Structures are given as structure tokens and as C-alpha cells.
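A.B. asks: Letter by letter, the chains look like this.
Protein chains: 2
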Amino acid sequence: MPTPTFMPVGTKGTVKGLTPGDLRTAGAGVVLGNTYHLYLRPGVEVVREAGGLHGFTGWDGPMLTDSGGYQVFSLSHKRRLSEEGVEFASVYDGSSHSFTPELTTRAQEDLGADVAMVLDECPPANASREYHEDSLRRTARWAKRCKEAHAREDQALFGIVQGGLYPDLRRESLERTLDLDFPGYAVGGLSVGESREEMLDMLGLVAPELPADRPRYFMGIGDPVGVLEVIALGVDMFDCVLPTRLARHGAALTNDGRINLKNARYRRDLGPLDPECSCEACGDGYSRAYLAHLVRENELLAHRLVTLHNVHVMGELCRKARKAIKEGCYAQFVEDWVSRYRKAS
Amino acid sequence: MPTPTFMPVGTKGTVKGLTPGDLRTAGAGVVLGNTYHLYLRPGVEVVREAGGLHGFTGWDGPMLTDSGGYQVFSLSHKRRLSEEGVEFASVYDGSSHSFTPELTTRAQEDLGADVAMVLDECPPANASREYHEDSLRRTARWAKRCKEAHAREDQALFGIVQGGLYPDLRRESLERTLDLDFPGYAVGGLSVGESREEMLDMLGLVAPELPADRPRYFMGIGDPVGVLEVIALGVDMFDCVLPTRLARHGAALTNDGRINLKNARYRRDLGPLDPECSCEACGDGYSRAYLAHLVRENELLAHRLVTLHNVHVMGELCRKARKAIKEGCYAQFVEDWVSRYRKAS
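Chains as they are written, first to last, in this note's numbering: chain A, 21 to 365; chain B, 21 to 365.
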């Protein structure tokens, strides 16, 4: 798999509105699935019986599942954290569930993605230092249990570095995670409360210490400029719902900045969404006026076409970044790309 | 254009969730657009500037627009009918509008479909005989005005036979409409309050009197069995939102009957939606279990794939009907098809 690569999020076993064929033509490298959602609906057994997420969804490219931890902490408010794991109420029906490192590891083995993640806690940035310290140590103990529970040899289990905005805690988490010797490492990223600058500072601290021969995954970034920044810091993989969620709100990422198709100026604009893009939405003759109409009417085809476009733009951006890195002109590429993107926005 | 043909409804300039490419592979013959909706949003000028509905939507096959009359009478409750036309409040924002025969004809010329329809009133079946009588005569006068207003030579304007459930009024409407000499004729169909059997009786009365060398269009039927019945009566074209609306509710039309994907029995069904169907939803390896999951989660991909499937099934049904008619075995074909469809349902 060529890296750096953006991973579109297929929350419930589908990148909303797109087929596997669409994802392929859009240049999606890895598709992400959410264990929290898939565990609750349709349940891991259903997915396992269908041949894992690949068989279930029909996507034959690389996949990654998260552990579900992030969703437990962001979606399920009635939760009880202990050394054993975390109890929570389902966001769907309030039913009680419990995630332990062993359970989320087994669940991810059943889901059968190529990469699984350890169960971690991602505390809010504004939690106390003491809380962050306890949390990262528990996360490290959980990571060890995940590793011990993980048996599937055709699946890589990645560790996760946490530690909030405390440089020394980040270093401690880094050390504890590296000690466990994972085939790939993630850095717990933008979650709750911190600024992007603060988060990039932490990433800048941690990324250079991660082994360069193993994939480095920064969790939760997906705006084009942010993606280019984390690539500069050595990140290979990143995911975010942003490009697909924006699309469903009618916002398209283009080479000339982010445009909101609800804006009145597009009502009669007969030009293509992005003249430089070759995705189905741009290459098949749809005008901005048509797409703007579909967006205003909340039509399914708007969600589908703009989602396809945004995923395609992220795929192209990564392709260009890889090329620039190979040619040794990454900094210049970023400067040019970002200045044009920001100028137009 | 080969007939009989089912016309999927692209209400607002899109068959919900599908691209023109999808419609082509699904075997859609004609795509229908609703003047009521398109007149209000995005407005006919926007569509005209984009090259009419063909240019705006990218569908290069045949298109038909209705006059908007049906929606005025079914969607807009604050309406005032006069000889001149009908005033109504927009279903979107309550704003006041007025449709006259001249206006809806001009609007349809701007929309630029291959077939346009005269403005008609489609009164509820339970309206009084006197009401129906007045209404069909007004509709006939409106039809004349539409014909006089219609100038576009590359567009066919069809007349519409109304008359409710009164055989003599149907005959009167038929005569008045035939007198105007249209290049094609529609029979106002299932609308408000009548049973299907009653409606088919009326169609059976009118259809044989329509000129066989001109297209005969029955408005508002789209269930597979009903479609086969109206084809038997000589109908060439029919439209209905049913196949696409059902799809968005998770109901798939298959060769073995209509199935509701929300039914628990499909949760772990690894078979294809319809083993005899070659559409993308059936041929690309998606299981009923996966589709059922997407339907339960109200995922965009469910709407898209099941809609594509249902349109494809209707296209195939028409193709088979054409073949059977050609081979002189239509009655036998219908008997076989319907008995299997009903047995499984």
C-alpha cells in the first residue's frame, strides 16, 4: 500500500453513499470501519459469517478497524471506566455493554480488517494532568492485554500513543507503547478540546521517535491542509469523517479551496465542480448549478456525488504528496498547494 | 424507443440516488420529471440555461415532463381553481403561484423534455358526477389552450383522458381529447380514492379507442402485476414512484416477489438480493445480509442499491413483456410471471 494515504471512514461498514467500485476509482487506499458501531449493529458475528468486513462490504482493498474506544468516550455518555475495561450504554438503544481489551481485540479479529487497534482511552484535553497520567498508564496496560489477546497472524495490531498536551506524558506513553513492540503505531489525535496547533506540537514531539520502518498513523485529521502538515511530520496514515461529512452538507473540497454549494453564486454556475478533478462528479458533465440544486433539495445523488468527489480529492492530494516526497520537493509542493487552496477559499 | 416501457420518476431532476449511467444500465427507457417541483426549485430558467433537463441532469435518453397539475391537486392544499387556471401555495414555502395551460406548456418547453403533457385536473374519485363532468370539460378546454400555446417542434405534447369512474364521462373526455389530435394520449390513472380494479375497468374502456399508432400512456402505475395488466390493455408507457419509493423503505421487487429487507430473516442471509437479476446490487456480490444491514441503518448506499435494483427489475420486466408480445405468448408469460411473483410474496 502506497503511503501517505488518507483513509475514508466507513463507519457502519459503508463509506456513506459509495460502492467499493467508487472507492477504488476515487483512489481510496484504506477504508476504516468502526468497531463500536459494527459491534452493536449488525454485530460482529454477522460480519464474520459474511467473511469479515471485506466479504460483508465487498471492499477488497486494505481495511482498518478502530477499537471502539473513541466512540465509547465520545458517543456513550453513561459509561463506567475501570481497570478491567469500560461499561457503556449503546447510542442506539441505551442497552448496556462492556468493552475490555480482550473483547475489542477479538471483535476486531472477527471483523477481520488488515489492521486492528488497541483499546485506548482518549480523555478530553482539559482533563487534569493527574487524569491524563492515570489514563495513559491504563491505556498502556490495556495495550499489553490487547497484544496478548491478539492471535490473528494475518492482521496487524497497532499501538496508540496518548498523553494529552503534556510533553512528558506523551514521552512516557510513547516509551510504554514502543516497549510493547507493535507492527505499527498511532498517535491519538484531535479529539476533544485541544487546538490543532497544540495537537501538531504533540505530534511533532512523538512522530520522530516512532520507528520509520513501521506505519505511523495519526488519528482524526482529514482537512487537506492538516493532512499536508502531518505528512510533513512523517505520518503515513490518517483518517477523518470530515471529507465525507462535509460532502453531505454540500461542501466540496476543490483545488481552489472549499466551496459551499448552498451558496447562491452556484445556482446558475454551469462550470464543473472542480475543473482539475477527474472524478465522476466532475468528469461526467454535472454542473455546479445541478449539484447545487441537488444539495439544496437534500437529494441522495448530491450526497453521493459530492462524497465521491471529496474522497477523490483526498486520494489525489495523497498521490501528489507521494510524488513530491519522491522527487524531494515536498515543502515547495505544500507551499504552492496550500497558498492556492487558501487564496480561493 | 421500445415499448412498453416503465418510466422511473425523477421528481426533482434526479431519480433519487441514481446517476444517468445507472439508469442506462438499469434499462430505463424514459425518465420523468415533475414540472411542479422543477418550476418551484430550481426554476425553469435555471434548467433552460443548462440546456433543458437533458443538459441539466446529464440524462441523454428520452424524457417526459408532467404538467404539474397532479401535484397542484395532491400536494398544494390551498388552491383556487378557475377557468383561467389554478392558483396554489408552494409545498416548499407557501408562496403563491398560478398555473395556466399556457404557463405549464411554456414551462415544459423550457424544461425541454421529449414529451410534455397538457395541464389537467385529476379530481378525487369520490367527487360528484357533476364535478367530474365540469372538470373533464374544463380539462378539455385547457388541453386546447395547451395545444395552441405549444410551439416547440422537437417536443410532443400529449393529451390526457379524464372522467373519473363514469364510463360515459370517460367516453366524453376521450372524444374531446381525440378531437384535438395529439401525437400521444395519456389516461389519467390511479390517483385519489378509486380501487385499482375500477381504474382498470376505465382503462379497458378507453385504451382500445386510442389510436394504436400513437403512444398510449397510463399515468401512475408501477407495481409489477399492475404494469403487466395495463400492458395487456395496450398501454405503451407508465410511470410511478412506487419502485423507487419502496426501495427507500427497504422493499425490493424480485422475480420471487416483493421482499422487505427489514425482515429479520434476511439478517444473516448471504445470498444475493435476486439471483436472476444482473444489476449492480445483485451482480456485484452484495449479500441480502449486507443490504439488510444498510437498510436498517438507513444508509445512503441502501437507498442507492435497492433503487437501482427496483428500476432494473422494472426495465427487465418490460423487456420480457416486449419479447413475449413479439412472440405472441404474452398471456402465458403474464400467467407464469405473476403466479411465481405472488406465490413467493
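None of these hints come from the bench; they were simulated from the model. Hints may be right or wrong, so weigh each one.
Which copy is meant is left open, because identical chains are indistinguishable; a pair holds if it fits in one copy or across any two.
Claimed, not checked - Using 20 Å as the maximum straight-line C-alpha spacing, the simulated EDC-like pairs for lysine to aspartate or glutamate come out as follows: (1) K36 with D243; (2) K346 with D356; (3) K346 with E65; (4) K282 with D113; (5) K282 with E65; (6) K164 with D199; (7) K36 with E214.
Owing to the predicted nature of the structure, the values given are computational and were not obtained by experimental measurement.
A.B. asks: Are the hints correct? Go through all of them and say.
C.D. replies: Here is how each hint holds up against the structure:
no.: 1; hint: K36 with D243; in the structure: within (18 Å within a copy, 29 Å between copies)
no.: 2; hint: K346 with D356; in the structure: within (17 Å within a copy, 64 Å between copies)
no.: 3; hint: K346 with E65; in the structure: neither (43 Å within a copy, 50 Å between copies)
no.: 4; hint: K282 with D113; in the structure: between (34 Å within a copy, 17 Å between copies)
no.: 5; hint: K282 with E65; in the structure: between (42 Å within a copy, 18 Å between copies)
no.: 6; hint: K164 with D199; in the structure: within (10 Å within a copy, 86 Å between copies)
no.: 7; hint: K36 with E214; in the structure: neither (28 Å within a copy, 40 Å between copies)
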